[in-house]
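*Asks:* Given the sequences, and given the hints that come with them, work out the whole structure.
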Amino acid sequence: MRDIDLLPEQLCEWIARGAQGDEAACGALYHHFSPALLRMSLGLLNDLADAEEVVQDSFVYALRNLARFDARKSAFSTWLYTIALSRCRNKRRRKWLASFSLDLLDDVAQRSTQRGVEALLERRGVSRRIWEALQVLPPALQEAVVLRYLAGLRYREIGEAAGCNPKTAESRVRLGVAAMRRTLRQWGVADEMEWVELPAW
Amino acid sequence: MGRIAGMVNAHLGDLALGYIEGRLTPGEQQRVGAHLAACAGCRAEVTEMAETANALRAVPAALGILPWARDRVWRAVWERAQPRPFNRPAYPVWQVMCSLTLVLLFFVLTSLWPRATAGGLAVTIDGVAVPRVMAHTPMAFQAAHEAVPPTAMHTRSASTAAPVPIPTPLGSSEVQGWKPSTSGLGPGASDL
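From first to last, the protein sequence lines are chains A and B.
Each residue of the first sequence is one higher than the one before, starting from 13 at the first, in the working numbering.
Each residue of the second sequence is one higher than the one before, starting from 448 at the first, in the working numbering.
Quick list of the computed label-pair ranges, beta carbon to beta carbon:
| hint | chain 1 | residue 1 | chain 2 | residue 2 | range |
| --- | --- | --- | --- | --- | --- |
| 1 | A | R76 | B | A491 | 48 to 54 Å |
| 2 | B | R527 | A | E21 | 26 to 32 Å |
| 3 | A | E21 | B | Q529 | 26 to 32 Å |
For the record, the hints were derived by calculation from the structure and aren't laboratory data.
Keep in mind that this is a model prediction, so the values were computed, not measured.
The C-beta atom is built at its ideal place from N, Cα and C for all residues, glycine as well.
*Replies:* See the structure below:
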């Protein structure tokens, strides 16, 4: 969800009141931005429990440092995505390290979460293969695709959140989509996908 | 597929994604459209990319009803975001501790240094300073002996000194019944 869905005056008021410790304003910020943040985290981590933890940690950090947010430097949503993206990277790194230890038991729970997400997507008419193809992308391309299509950010915002320039972000999205298409073709499911007509950006 | 995949990269680059997302200017849109009409490879790839991009754009709506505990997470977020119950001390504790440790370390080192340099690191063997770590090695004795001037050779231990002539008693060769030893075992050994 982007700032544009929210009146700028309303957002500024929430931020100002939240910086003074107003629970209602902080709650409004959380309820407005957390679903998109969860989608992004889930797309990158493919684990609902991990994604919830990232959302929680990101908001704890954001609410503690709300007074330090500078609206002249970036949009509030970009600031939030930057915080969450950093935590997703840390979480993924730790998971990668833990994959060499005794975390085999967690795999069962994780697989059930993945199946849950994929089943949910299929019930809503989205091929689970799209989700699977997203998960096998290289990290930089995956981040760009997730920020673009799951979080709905502009290329300038993706560049700010991912630490690259907008042209690089656009190229990463293009390469990511092309790589997903190649993967789907290798899996033999490219021709099964239906064209989903959606409104233009 | 590899040949076709490279086609958009080479011909259209990022314009392909802009075309799919409808972000191009009318002039760019027309130019890309003309290229796609003429280039079958790019047309096929752009079509496939559009299908994938559209499928991806349908994901957020599908995930919108995720069964996650948003309210429970909010309670946890709010509790964790509150200031800590104790007040932070006016001075930074860790900086003070580090400074004290550094001062203590300085005094300990300055008190040990003169002792270490005054003789703690060396021992004297036969009047020659030898590193303490070499004190019990044959090299230490060799080093000590090589350092002593030749005039002092006779004052060293018997094991390494040159043979000193044994003074014979005056007129002993004239002692009755005594013969010089030929066996090297000492005087009179051959007579035993």
